[in-house]
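Turn these sequences into a full structure, and let the hints steer you where they fit.
If you read the sequences in order, they're chains A and B.
The first sequence begins at 1 in this note's numbering and counts up one residue at a time.
The second sequence begins at 1 in this note's numbering and counts up one residue at a time.
Just so you know, the hints here were simulated from the structure itself, not pulled from any lab data.
A partial selection of chain A residues facing chain B, derived with a Cβ cut-off under 7 angstroms:
1. Ala165
2. Val274
3. Phe276
Just the calculated beta-carbon pair ranges, DEER-fashion:
4. B:Asp56 x A:Pro34: 41 to 47 angstroms
5. A:Leu76 x B:Lys125: 46 to 52 angstroms
6. A:Leu148 x B:Asp238: 27 to 33 angstroms
7. A:Gly211 x B:Asp41: 58 to 64 angstroms
Derived list of chain A stretches under chain B, where covered just means 3 residues or more per stretch with a C-beta under 8 angstroms from a C-beta of chain B:
8. 50-63
9. 251-257
Just so you know, even glycine gets a beta-carbon here, dropped at the ideal spot from N, CA and C.
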Amino acid sequence: MTTDVASPPSRQRTRRRGGGLLPAPGWGYLMIAPALVGLVALYVWPFLTTFGKSFMDVPAFGPGTFTGVDNYTDLLGDDRFWQALRNSALYTAILLLGVPLAIVLAALIEQVGRGRALYRVLFFLPVVTLPVAVSMVWRFIYNGDFGLLNYVLSLVGVPGQYWVADATFTIYAVGVVGIWMSLGINLIILGAGLQAIPQDLYEASSLDGAGRVRQFFRITLPLLSPSVFLVTVLTVISALQMFDLIFVMLRSVNNTALADSKTIVYLFYEKAFVEFDQGYGAAIAIVLLMVIMAATILQFRLQRRWVFYD
Amino acid sequence: MRHGKRWIAAAAVLATLAATGCSGSGGGDGKVTLSYATWSDDQKPAMEAIAEAFEDKHPNIDVQVQVLPWPEYWSTLQVGAAGRTAPDAFWMLADQFPAYAKGKQLLDITDAVKAAGVDLAAYPKAVLDLYDVDGKLYGLPKDFDTNGIWFNKALFDKAGVPYPNENWTWDDARAAARKLTNPAAGVWGIAAPIDRQGGYYNSIYQAGGKVIGDDGKATIDSPEAIAGLQFWTQMHADGLSPTLKQLSDTEAVQMFMDQKVAMYFSGSFWAQRLYGDQALRPHVGVAPLPKAKQRATMISGILNAGYAGTKHPKELAEFLIFASGKEAAVIQAKSGAVLPAYRDTQQGWLDAMPEFNLKVFVDAVAYSVPLPIAGDAAKWTGLETQYLGPAWEGKQSPADAARAYNTAINEVLAQ
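Below, the structure is given as structure tokens:
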């Protein structure tokens with residue numbers, strides 16, 4: 001026993017000395033270097049350039065000129081920016097409605113004995129499908145004249161709509177697709193959370209006479225709350241970054257609803273890559289970053305009130 | 001999971017960068033590799049045939065054709081140019097051209113063209129004018145397109161309406177659209193989308209108006225231009241076209257292919273797709289656009305342009321000249337993809353689809369007007385739906401919409 005405890009450190013020490021090329025911390029840095037280089041090249045550097053550009057007037061090509069906070073003051077006075085922000089907020093709110101749905105579905109899937117994996121795969125498929133392909137299919141479903149949705153509605157006597165060409169419906173229509181696409185990943189996280197809940201709690205509570213519903217609210221929900229919190233935070237972040245669904249489902253020169261349905265990242269794309277106004281686009285990106293940061297910090301503050309860590 | 005995704009993305013980006021780096025530099029055996037970016041899958045075979053024909057003559061040069069998806073084409077090109085990784089040769093459009101020319105991103109081939117003895121008169125002057133900056137050449141026209149009436153003979157026959165002909169006026173078109181419209185059968189006389197090139201620009205010039213005046217300012221609010229817009233808005237007001245919402249969900253060309261609309265005013269570039277539809281082919285007819293005060297059609301065309309930051313400017317210039325030359329034009333014509341720009345090579349295109357009366361599009365060059373371009377065209381054309389949409393939907397008069405749009409265009413031009 002004594003020799004066992006003593007020998008590993010000494011062996012380690014000799015190995016380290018034998019390697020001898022770098023001092024101990026050096027190896028550590030060398031090991032994380034590939035990740036660090038990637039992080040700096042792909043995240044830190046682009047962020048810094050974007051931050052810099054947001055204070056400049058940058059033409060399509062060539063260097064920009066420093067213009068101070070002009071981009072930001074323009075942005076705050078731009079109705080289209082505020083509308084895009086409202087649209088993104090509405091879309092995020094809709095996607096948050098998908099969280100309770102995911103909780104219920106995850107709990108139901110847990111109840112399934114055989115074939116549980118099949119359900120998981122089915123719900124996960126949209127996550128690993130190309131968003132563009134998904135959007136194309138939903139475009140067909142939402143088509144005002146030949147769409148599946150309007151056909152189904154007509155069977156029950158509900159008049160059809162131009163779901164992605166009428167600004168009254170666009171964000172909701174896109175929101176439904178967003179929920180459907182994010183459901184799979186949420187179910188995985190929540191499913192893992194459910195499995196971590198000790199079974200004996202259920203057994204004990206049923207001995208005390210608690211029913212299924214009561215168990216769900218008194219045991220499942222509180223113990224699942226850390227997973228729910230994680231899902232909520234991730235949902236808000238990805239919802240605020242939504243771009244592809246609008247890009248594929250709504251973009252048509254004949255779509256008058258597009259102007260009223262742009263999300264913040266769509267506006268960014270349009271400014272930076274269609275109108276070649278990179279400085280303004282950069283300012284939008286920075287503001288979006290601050291919005292996401294504020295939303296996330298707020299959620300971490302609020303979690304104390306409802307997230308239960310044992 | 002998120003990190004996993006990011007690493008995959010990072011690896012993909014690195015792989016892409018590495019690939020671009022290789023294709024730009026060429027191997028160590030003295031062989032030069034040029035990349036040639038396009039956005040059309042339809043035209044890929046023709047472009048590859050042109051690349052091969054060029055390689056036969058220049059064994060030391062390897063041309064690689066890349067097809068980028070249209071929605072990403074311009075952002076990819078712009079990011080590539082800014083990051084010095086743009087393809088060597090690429091297709092350029094007139095409304096994007098000024099930004100690239102002004103930004104010094106395009107290879108000046110004026111001297112190479114002169115040295116090669118290229119006869120510029122072989123290209124439609126209107127297309128050359130689209131790409132004229134200070135008398136310098138930043139490429140040569142690859143193809144051109146004009147507009148006409150694509151119409152469905154079967155629907156005309158059913159409604160007992162005589163086919164459109166070269167003497168048609170706006171009134172004839174309107175009267176025909178009225179007779180052809182049959183709500184019970186789900187058939188409309190005409191598709192009236194918000195379409196610059198195939199639609200309202202043509203009618204504005206037919207009415208004697210202009211989009212951009214001689215002083216470089218917008219004139220889309222002139223009485224003539226408003227009349228040109230009204231030609232389209234009236235079609236909607238009279239219920240002769242699918243609504244804008246319908247055209248947003250289902251493209252006009254698709255409506256035409258589904259035989260839901262009898263007339264579609266648009267470009268020669270649809271020929272191959274319409275011809276490829278076996279069931280539709282026998283019903284398709286072509287006629288010149290109707291005239292008002294005068295005849296007019298937009299003409300536009302793709303430019304074969306090169307990247308100023310290329311590693312092989314000499315070889316690239318040679319390729320651009322070849323890709324827009326007579327031999328390449330003949331290859332394009334035979335494929336049926338597009339109307340080649342080079343003089344007297346269009347017959348091959350007409351012969352490729354003999355059932356269609358495509359000569360209409362070639363004859364239209366005589367009364368064609370270059371697509372109006374001014375300033376940051378991509379920026380102000382991006383506003384058209386916002387300003388003209390209400391007029392198309394009957395929520396605003398064409399005159400009010402035109403005035404508002406005119407002001408918006410001039411604001412962009414003044415920047």
